[in-house]
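Chemist: This is what each chain is made of:
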Amino acid sequence: MKKKVYNIVLFCLIGSITLFFTSCYYDNMEDLYVNRNSTDNSCDSVNVTFTGNISVKFANNNCFNCHGNAGPNLNFQDYTTFKDYIIIPANKTKLFDSISIGHHSALYSGCELSQLSNWINLGTPQ
Amino acid sequence: MKKSFILFSLIFANFLFANAQDSDSTKEYVENTFWGNRVINGQSSELTPAGKLEIKISHRFGTLEQGFYDYFGLDQSSIRLGFEYGINDWLMIGYGRSTMQKTFDGFFKAKVLRQTSGKKPFPFTLTYFADMSYNSLKWNDPTKNDYTSSRIAYVHQLIFARSFGEKLGLQFVPTLVHKNMVPTKEDKNDIFAFGFGGNYKISEKFAITGEYYYLLPNQVKSKVNGLDANNSMSFGVDIFTGKHVFQLFVTNSTFTVEKGFITETTDKWKNGGIHIGFNLVRKFTLIHK
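Protein chains in written order, with my numbering: chain Z, 4 to 129; chain B, 4 to 292.
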C-alpha cells in the first residue's frame, strides 16, 4: 500500500515536470529576426529628420494604422504630438522597449533604433 | 500537450505494469543488458540502481587528424560532469554540465517494460528517456534579441533493448530531438533519428561496444559551424572493475549530450575526424535498499 502511494506521488511529480519540459517553440532565425538584420546600407543614423526618416519608418511598419491621423491612439503622424510624447523619458523607454522586442508587426533593427535615439539627441528636428 | 499526454500514458503504463509484474513470482527480470547507463555517447536501456548516486566524467579529446603536434587531439578536451541518481528500480534522474556550448542538461529515464525470462517470458526492455538542455553561451549579437526559449532543446527517446543470452545486448532507439530555434526556415525544429547500439561481453571484465545514430535526411539543412551534420558512429570497450565501469572508445562526435551528438556531429570518420574519449563513473550509495 505504501509503495502504491509512493508510486502515485512520483507519477504526479514527473507529470508536472514533464509539462514544464514540453513548452516548446518552433522558431527559426530567419523568421524571428526578419526585420533585424542591419544589412540596409541606406540607414543613416547621423542626419535624421522627422519627415525624412522617422515618419517614413513608421509608415513602413504600419504604425499609422493605430497611431495615425485616423487611428484610435496617440497620433504619431503629427510631428508636434510625437515630439511632445517622446521627449518625456518614460515614454521614450516605453517606445524603445516595445519596438526592440516587436510591437505587433513593428520590429526595429540596431541602426533604426540608433536613428530614433539620435533624432531625439539632435533635438527632434522636423 | 500531445507529447505530455503520450508521456503521461507511458508513465502510467509503467505504473500499472510495475505492479502487475510484482505480483507474478514466476518471472525473472533479465538484467545487465548493458553495463553502464550509457552505451557510448547515447543512453542505454539500463538505469542507475535505486539509491545510488553516480558521478560521471565524460571526456572527448580532439581529432586524431591533428597529428603529433597536438598529440593526436589529446591537447584539447570537451568534458561533461554529470550527477545521476536512481530514485527506485524503474526511475532515474540526472543533471550535467558540458563544455560544448556550455550546456546544462537535465533528464529522467524510466523503465516502462522489462525483458523477463521464466514461464511467461517477455522479449524486450522498453525504456523512456526525456532530456532538456540549455545552451548558456554568451549572446554576442547586440542587433538580435536573446530569447531564453531559443537556447533550449528537448530530446525524447524510446529505447527498445534485448539481451540475446548472457553475452550479447542490442538496442534500437527511435529518437525525437526538438530545438526551439533553428537557423533557417529549411531546418526542421523536430528532428527524427534512429539509434542502434550494442555490446558483446568477451569476458567478465571486458565488453566491446558499438553505437550508430542515423539522422533522417533533409532535416538539418544549414551548416553547423560551416560543416554539414553527419551521423554519429562510435566503437569502444567497456572495462568492468567490480565497482565501476570504465568506457574507452573512439567516436566522431564531440558532444556528450543527446541534442548535440545526434544533430550537430560534424566530423567524419574517413577524414580522420575521430575523437578518443572515455566515460568514468564512480558510484556512491546514498540510500541502502
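Keep in mind the hints are simulated off the structure, nothing from the lab.
All C-beta atoms, glycine included, are put in the ideal place defined by N, C-alpha and C.
There could be a bad hint or two in this list.
[As the list claims (entries may be wrong)] The calculated lysine-lysine pairs, modelled on DSS-like cross-linking and capped at a C-alpha distance of 30 Å, are:
hint, chain 1, residue 1, chain 2, residue 2
1, B, K141, Z, K6
2, Z, K60, B, K188
3, B, K246, Z, K6
4, Z, K7, B, K188
5, B, K286, Z, K6
6, B, K246, Z, K97
7, B, K246, B, K170
[Unchecked claim] The following residues of chain Z were derived to be distant from chain B, with all beta-carbon distances above 10 Å:
hint, residue
8, L13
9, N31
10, F53
11, K86
12, I91
13, S103
14, S112
[To be verified] Stretches of chain B that chain Z covers, calculated by requiring three or more beta carbons in the stretch to come under 8 Å of a beta carbon on chain Z:
hint, segment
15, 168 to 176
16, 184 to 196
Chemist: Please go over all the hints and tell whether each is borne out by the structure.
Modeler: Comparing the hints with the structure gives:
For the proposed pair K141 (chain B) and K6 (chain Z), the alpha carbon gap of about 45 Å is over 30 Å, so the pair is violated. Among the hinted pairs, K60 (chain Z) with K188 (chain B) is consistent with the structure: their alpha-carbon atoms are about 26 Å apart, no more than 30 Å. Restraint check: the Cα-Cα separation between K246 (chain B) and K6 (chain Z) comes to about 29 Å, which is no more than 30 Å; the hinted pair holds. Proximity of K7 (chain Z) to K188 (chain B) is assessed by CA-CA distance (about 48 Å); at most 30 Å being required, the pair is judged violated.
With a C-alpha separation of about 25 Å, the suggested pairing of K286 (chain B) with K6 (chain Z) holds against the 30 Å cut-off. For the suggested pair K246 (chain B) and K97 (chain Z), the alpha carbons sit about 61 Å apart, so the restraint of at most 30 Å is broken. Of the supplied pair hints, the one linking K246 (chain B) and K170 (chain B) holds, its CA atoms being roughly 20 Å apart against a limit of 30 Å. Its beta-carbon lying about 7 Å from the closest one in chain B, L13 (chain Z) breaks the requirement of being farther than 10 Å from that chain.
Against the 10 Å criterion, N31 (chain Z) falls within the reach of chain B, whose nearest CB is about 5 Å from its own CB. Distance to chain B confirms F53 (chain Z) as a non-interface residue, since its nearest Cβ pair spans about 24 Å, more than 10 Å. The Cβ of K86 (chain Z) sits about 27 Å from the closest Cβ of chain B, beyond the 10 Å cut-off, so the non-interface label holds. With a closest Cβ-Cβ approach of about 25 Å to chain B, I91 (chain Z) is found to remain outside the 10 Å limit, as its non-interface label requires.
With a least CB separation of 7 Å from chain B, S103 (chain Z) falls inside the 10 Å interface cut-off, contrary to its annotation. With a least CB separation of 6 Å from chain B, S112 (chain Z) falls inside the 10 Å interface cut-off, contrary to its annotation. As drawn, the segment 168 to 176 of chain B meets chain Z at 0 residues by the rule of a beta-carbon pair under 8 Å; below three, the given contact is violated. Chain Z is given as covering the segment 184 to 196 of chain B, and this holds because 7 residues of the stretch bring a CB closer than 8 Å to a CB of that chain, at least three being needed.
Checked against the numbered hints above, the structure violates hints 1, 4, 6, 8, 9, 13, 14 and 15; every other hint is satisfied.
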